[in-house]
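Chains as they are written, first to last, in the numbering used here: chain D, 7 to 256; chain Z, 73 to 557.
Quick caveat, the hints were computed from the structure, so don't treat them as lab data. Every residue gets a Cβ at the ideal spot worked out from N, C-alpha and C, and that includes glycine. Some hints here could point you the wrong way.
Claimed, not checked - Cut-off 30 angstroms, straight-line C-alpha distance, at most; resulting in silico cross-link-like pairs (BS3-like, lysine-lysine): (1) D:Lys135 with Z:Lys534; (2) D:Lys115 with Z:Lys534; (3) Z:Lys142 with Z:Lys130; (4) Z:Lys530 with D:Lys135.
As the list claims (entries may be wrong) - Partial chain D-side listing against chain Z, Cβ under 7 angstroms, derived: (5) Gly26; (6) Ala55; (7) Val95.
As the list claims (entries may be wrong) - Partial pick of chain Z residues on the chain D-facing surface, computed with a CB cut under 8 angstroms: (8) Gly149; (9) Asn429; (10) Tyr464; (11) Asn488; (12) Gln506; (13) Phe508; (14) Gln511; (15) Ile515; (16) Tyr528.
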Amino acid sequence: MLLQIKNLHASIHGKEILRGVDLEVNKGEVHAIMGPNGTGKSTLASVIAGREVFDVTAGEILYQGKDLQKLSIEDRAREGIFLGFQYPVEIPGVSITNFMRTAVNEVRKFKGLDPLPGGEFLRLMEEKKRLVEITSNLTNRSVNEGFSGGEKKKNEIFQMAMLEPMLAILDETDSGLDIDALRIVANGVNKLRRPDNAFVIITHYQRLLDYIIPDFVHVLFEGKIVKSGGKELALELEEKGYDWIKKEQE
Amino acid sequence: MESEANKILDEVTQGDYKYGFVTDIDTEFAPVGLSEDTIRYISTKKNEPEFMLEFRLKAYRHWLTLVQPKWAHLRIGPINFQEIIFYAAPKKKKELSSLDEVDPELLATFNKLGISLDEQKKLAGVAGIAVDAVIDSVSVKTTFSDTLSKHGIIFCSFSEAVQNHPALVKQYMGSVVPYTDNYFAALNSAVFSDGSFCFIPKGVRCPMELSTYFRINAANTGQFERTLIVAEEGAYVSYMEGCTAPQRDENQLHAAIVEIVAMKDAEVKYSTVQNWYPGDKNGLGGIYNFVTKRGICKGNNSKISWTQVETGSAITWKYPSCILLGDNSVGEFYSVAVTNNYQQADTGTKMTHLGKNTRSTIISKGISAGKSNNSYRGLVRISKNAVNSRNYSQCDSLLLGARCGAHTYPYIQVDNKSSIVEHEATTSKISEDQLFYCQQRGISAESAIGLIVNGYAKEVLKQLPMEFAVEAQKLLSISLEGSVG
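The whole structure should be built from the sequences, with the hints applied where relevant.
Next comes the structure, spelled out in structure tokens:
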């Protein structure tokens with residue numbers, strides 16, 4: 007098992023957001039987490055990645071059998087956890103090339119590998135850019151600076167391709183994308199799917215799941231997973247709306 | 073959220089000063105304190121011609137009539153000039169004719185600082201850098217002087233210039249920064265000991281970077297150096313300056329003057345990486361860096377460009393400036409100033425437009441961490457005759473943590489209607505979001521701060537000569553080590 011979340015409770019500034027989440031993700035699987043706004047989807051992603059503003063008050067997160075709570079943000083990333091951000095932040099003056107080179111080499115150092123020589127790194131970038139259909143000038147620009155919404159999300163997918171994570175969590179990567187950008191993002195994910203990695207896709211809408219077919223769909227509501235099923239659950243949600251879940255819970 | 077980011081910032085910016093060592097060198101000192109006798113002592117030690125002594129004494133007498141200025145946004149402890157040693161020189165056994173005769177301790181000191189005084193160490197295929205090494209009050213060695221003299225270039229210590237080229241010194245010394253200019257300029261003019269002299273004759277493009285490396289070693293001494301660069305018609309030179317000092321609990325005074333003269337069509341590029349000891353984490357010790365740097369674009373189409381990376385000193389008071397006298401002349405000022413812990417910096421520039429169609433650019437990037445204060449102070453003055461002149465100023469401040477300060481004091485005076493002045497300013501913080509984003513990609517908080525700060529300062533760093541840029545990038549990260557907080 008790649009990821010095992012047991013009875014996870016988490017709060018921010020004393021306010022409880024996650025109220026007992028249970029989730030199991032195996033290698034080779036794609037999970038979709040859906041739910042109305044403000045039910046804790048992004049919080050779950052942030053807590054797995056180790057964002058310090060959230061306090062884990064109960065429960066545990068095991069990743070490849072390790073207690074994630076004991077690992078720093080960067081060590082979680084180096085162990086293969088990737089978070090695709092809903093709102094990727096701008097870092098002025100730092101080129102994507104320089105940013106990625108720093109990231110790739112810090113991960114390699116953690117694994118006891120030598121830094122990638124400049125030429126090899128550039129070849130790797132070219133290969134991944136082709137894979138995720140990114141135009142070459144994007145990587146010469148500063149990280150996310152002046153990027154359109156679509157460019158920011160494509161950049162997240164490109165970074166995911168570069169870092170080859172074991173567990174990729176995509177937090178509303180589809181929000182604000184036009185149909186072409188959506189297809190590029192989805193194609194990127196599909197090309198990176200392997201029997202030894204897994205994806206958790208957080209989304210509000212069903213439409214991304216037309217392109218990325220999930221093995222499991224979970225509904226997060228008021229800090230708990232209240233319903234799980236196969237890909238047909240997403241369609242049912244689309245049809246009946248989240249009010250259906252709300253009523254069922256009442 | 074704020075406190076988390078602050079904690080990380082603290083950890084990253086609490087790094088240690090890497091150049092704080094002291095070398096045991098046999099040194100001779102002037103008697104402690106300042107008087108006409110001290111000045112005569114220095115002048116005699118340096119075997120100076122009469123005009124130099126007169127210049128010094130006039131400056132001293134003028135200085136006595138002045139009081140220390142208080143207009144900067146700085147808190148300066150009292151300076152007792154009677155407790156300072158104004159001249160300290162490593163003892164020479166005999167006249168040096170080759171590097172082999174330089175005190176091995178001195179060579180080791182400069183090697184430790186990463187400065188090679190060995191001309192043979194020039195890398196294959198890479199143009200060498202000529203170095204003038206100044207320790208305390210004297211220049212110990214200038215490299216590549218012979219190579220340069222083949223082009224008619226004079227590059228030597230100021231003391232040697234006084235002996236060998238007195239006419240040039242007399243003509244230009246004090247012509248850009250007169251001894252009456254300000255309190256610390258007057259003091260420097262009275263007691264200055266050494267520095268570099270550089271003369272590029274008409275039409276010559278200097279074939280290598282020139283640099284001076286300043287090192288304070290002795291305790292309780294002040295360093296008062298003076299640099300003079302003259303570029304004749306059509307000449308070009310790129311000049312770099314670096315500085316470090318040992319770690320001590322007392323404050324030490326460094327009051328320098330740099331003068332640049334650019335004649336018609338000449339260009340001078342002056343780069344500084346200032347890394348004087350900044351004091352400890354509690355604000356104890358460190359260098360008081362009170363410097364007057366000014367260049368004059370005397371001829372038409374001349375250009376002077378200042379680039380500075382200021383990471384050291386307890387207090388920095390420094391405004392590298394340009395007087396744009398020639399028509400179409402260009403002045404540039406690119407600055408990154410980092411303050412951490414209890415450091416204070418009040419730095420900026422003055423662009424004085426006198427000629428027609430003159431242009432100036434000011435890019436200032438302040439970075440404050442810890443409990444430090446960082447101010448930009450600039451004056452853009454466009455005179456009545458400087459028609460069709462332009463200035464563009466951009467002053468950005470980056471705050472790391474919640475206990476530091478950033479201040480901007482731009483002064484603008486335009487006396488004609490055809491000129492255009494633009495001023496932009498921003499203040500930003502390294503956000504918890506940026507740190508988290510970097511860390512989520514596997515980058516440590518410390519490397520993340522280094523990346524973000526270097527990205528922020530990129531516009532200035534790219535102005536530095538290659539040899540310096542790498543150094544400066546590392547230095548920026550090191551200066552903020554332990555400041556993530």
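- Which numbered hints turn out to be false for this structure? Those not satisfied are hints 5, 8, 9, 10 and 11.
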